[in-house]
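> Next come the chains, spelled out residue by residue.
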Amino acid sequence: MATKASRSSARLMISPAVILLLGWMLVPLCMTVYFSFLYYNLLQPGTTSFAGWDNYYWFITDPSFTDAIKNTLFLVAGVLFITTIGGLGAALLLDKPMFGQGLIRIMVIAPFFVMPTVSALVWKNMFMNPVNGIFGQIVTGFGFPPIDFFGQYPLASITFIVSWMWLPFATLILLTALQSLDQDQLEAAEMDGASWLNRFWYIMLPHLARAITVVILIQTIFLLSVFAEILVTTNGGPGTATTNLTYLIYVSSLLQFDVGMGSAGGVIAIILANIVAIFLMRMIGKNLDA
Amino acid sequence: MARSISKKSKIINTLVAGFIGFLMFFPILWIVVLSFKTEENAIRAPLEILFSSGWTMESFQTVQARSDYLKHFSNSVIISLGSTVLALIVAVPAAWSMAFVPSRHTKNVLMWMLSTKMLPPVGVLVPIYLLFRDFDLLDTRFGLTIVLMLINFVCLKIKKPPLGGLGSRKSVAYEIKISLV
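These protein sequences, in sequence, are chains A and B.
Read in numbering that gives the first Met the number 0, the first sequence has 40 at position 41, and its numbers run on one by one without any break.
Read in numbering that gives the first Met the number 0, the second sequence has 159 at position 160, and its numbers run on one by one without any break.
No lab work stands behind these hints: they were computed from the structure.
Every residue, glycine too, gets a C-beta built ideally from N, C-alpha and C.
Don't take each hint at face value.
[Stated by the list, open to error] Okay, derived cross-link-like pairs now, BS3-like style, lysine-lysine, Cα gap no bigger than 27 Å in a straight line:
# : chain 1 : residue 1 : chain 2 : residue 2
1 : B       : K9        : A       : K95
2 : B       : K36       : A       : K123
3 : B       : K36       : B       : K70
[To be verified] Covered by chain A, according to a simulated footprint, are these stretches of chain B (three or more residues, beta-carbon under 8 Å):
# : segment
4 : 4-12
5 : 22-36
6 : 83-94
Work the whole structure out from these sequences, hints included.
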């Protein structure tokens, strides 16, 4: 259907995006790779020299690196699990007829519009603080000792906060997908005697497959680089209990001014993200075709 | 055609969904409530805060006086609007060409663009910091706007195959961007 003219105009339209993105990606990427092979500390100007693989060696053998990998994986997997399952449940619920539907939907979706720093602060000071927080006060009201969330369960607390922020996103996408499902199909299945579980498993879930992959893909991209929540609540601590890869690189390059080390970390982060990306791309690639 | 639904099940749905909605919304509600309290009242027990302490606008005056709130707010607005507009200018033509004149390479290009989105920002943090330092863009609104534009415009390109629904997908991407900023 595409004519020669429309094809050339299409090429014209797409080229600014491609060129900008290519430049944006290649220039800093090459610089990162280059710096990662240098001894380069901003506190000692004029002393850059070739370092070989030293930066990589020290970055990987640093004990906080293994911790950071584990924390990153835990955070991503935990939040994905909670938001996908929870979002599916919320979407199924919100799809049902009810009074005040608009208001309830807005209330469920509201956390999505709160900035990460703000929501982290709110949870930290008003809910999870052992003395002033609401959770603490409720628990002491019943006569138990309050829980110091960020002291005892730092990573789980952050996972919880991030989940709260991303649940609305999953709900929103899944709800939209659910609404595009043909009601006649469901009705026909019901008349044929299919139970709710069967209808869910054989009709709704396959219909939602694409939406679920979109949710997982987009969330993974953002969750791999969660930063503000950690900076605001725990500063990566106690110890390295909540340091994820992003935070570790921030610490080594901008707090310790070690550009070489930070770059090596960046390259490693890119490689790891690509490993995740390959799997996701396979999945999404199939779903984008349809 | 919608089927008739008994009033009872509708009420139950409303109660369950309303309860969940309230739980999700509660932290936001709570900020609003606390913002009308004095600092000393804000850390009392929840029920005391609600029913036995006065309401005040004091905090709003303090925040403006102490930190020039409006200036920071206008920074946010300029950066988010600016980067969104710039991103749209670049992304809409590209999305058009992908959706209406797809070629053999469209899928690959799309995949590549998505994959750049997976590049962890920290991976290129250092070079951008140094580039900005050398070009005097550090701490300027313009610099931030450019960065956000380049980071974000890929969001728009989550293409939906047939014609319908392109708009809705775009608006979702748009919302993502707003929340990012």
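> Taking the hints in turn, state whether each one holds.
For each hint, the structure was consulted:
no.: 1; hint: B:K9 x A:K95; result: holds, 8 Å
no.: 2; hint: B:K36 x A:K123; result: holds, 18 Å
no.: 3; hint: B:K36 x B:K70; result: holds, 24 Å
no.: 4; hint: 4-12; result: holds (count 4)
no.: 5; hint: 22-36; result: holds (count 7)
no.: 6; hint: 83-94; result: holds (count 4)
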